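Single-letter residue listing:
Protein chains: 2
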Amino acid sequence: MLSKNQQIIFDIIEKAKEPIKAYSILFNVQKKGIKAPLQVYRALDKLVEIGKIHKIESRNSFVACKNSNCQISKATAFSICESCEEVSEISDNKLSKYLKSFQNKAGMKFKKYNLEFFGLCKKCSIK
Amino acid sequence: MLSKNQQIIFDIIEKAKEPIKAYSILFNVQKKGIKAPLQVYRALDKLVEIGKIHKIESRNSFVACKNSNCQISKATAFSICESCEEVSEISDNKLSKYLKSFQNKAGMKFKKYNLEFFGLCKKCSIK
DNA sequence: TACATAATGTTATAATATAACAATAATTAA
DNA sequence: TTAATTATTGTTATATTATAACATTATGTA
Ligand SMILES: [Zn+2]
Ligand SMILES: [Zn+2]
Ligand SMILES: [Zn+2]
Ligand SMILES: [Zn+2]
Chain L
1 MLSKNQQIIF DIIEKAKEPI KAYSILFNVQ KKGIKAPLQV YRALDKLVEI
51 GKIHKIESRN SFVACKNSNC QISKATAFSI CESCEEVSEI SDNKLSKYLK
101 SFQNKAGMKF KKYNLEFFGL CKKCSIK
Chain U
1001 MLSKNQQIIF DIIEKAKEPI KAYSILFNVQ KKGIKAPLQV YRALDKLVEI
1051 GKIHKIESRN SFVACKNSNC QISKATAFSI CESCEEVSEI SDNKLSKYLK
1101 SFQNKAGMKF KKYNLEFFGL CKKCSIK
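In order, the protein sequence lines correspond to chains L and U. This note's numbering numbers the first residue of the first sequence as 1 and each following residue consecutively. This note's numbering numbers the first residue of the second sequence as 1001 and each following residue consecutively.
Worth flagging that the hints you see were computed from the coordinates, not collected in a lab. The reader is advised that the hints may include incorrect statements.
What the hints assert, rightly or not - Here are some of the chain U residues that sit facing chain L, going by a computed Cβ distance under 10 Å: (1) 1014; (2) 1015; (3) 1074; (4) 1108.
Quick caveat: nothing in here was measured; it's all calculated off a predicted structure. Each residue gets a CB set at the ideal place from its N, CA and C atoms; glycine is no exception.
Using the sequences and the accompanying hints, generate a full structural model.
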């Protein structure tokens, strides 16, 4: 169960349909009484922790999770268009299976990963 | 060929042997006459562009490239210890081959990717 | 030379994120 | 159901990361 602030902030992110930044969220929720950056960041931290949202690290922005399984596994993959900045979450069983079981040469076993692909989306590659 | 500032900043990063942050670099190069953040960020941008260094996006820090091939391909993968923050660049042909050729369902072809694995390094997993 | 491009220097400011402390709400254990 | 514990909230101040704008100098090239 999400707390009041968590729910407010999650709703904004989910409605956004595109990555949204913390201070843009803040601007959007000020009418609902959330006035300080920290209130936003705390909710974001929690939402990331429970897998309801993901942070797009290269863009410092946040999106709602579109899958069901990464809530547990913290295995995230995104495609990012370098022209229009469209971001979409990749859901590919083969890819996630491969990466989840990946072990590096030092024998380090990983608990989670984040993968960001960059390129041009369909629309932008036509232009 | 690196310019004067680029070389100074690259040397710092290479010597560091661990990810280093922009303002930490700035502190280290002030005795050499580089006084402003922008001077550091411009050199960093260029060094990232030519593949001499990589940015660890989840940590806002920079490391020298340990491979030879990602200078061209911009295909980067790192393992990050969540306890001691040790970062190492992964060099795994099978992995990079797989990811370079990855296509998502929308048929989007990618020019580059960045992958960050998180877990506990050998040392930290013993404790 | 003259033109273009890349790099530098400098000041100011924008954007992103956390520290520290106090109060309140929700959960759990006795 | 009271007490203890944990999670959440509110608030102010500040730290950290990054870029805008403009002027100047160096380097490469026709
Ligand atoms: Zn997800
Ligand atoms: Zn696009
Ligand atoms: Zn590299
Ligand atoms: Zn470690």
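These are the hints, each one checked on the structure:
1. 1014: Given a least distance of 21 Å, the restraint on residue 1014 of chain U is violated.
2. 1015: Hint violated; residue 1015 of chain U Cβ to chain L Cβ min 22 Å, cut 10 Å.
3. 1074: holds (8 Å)
4. 1108: holds (6 Å)
Of the hints listed earlier, those the structure fails to meet are numbers 1 and 2, in rising order.
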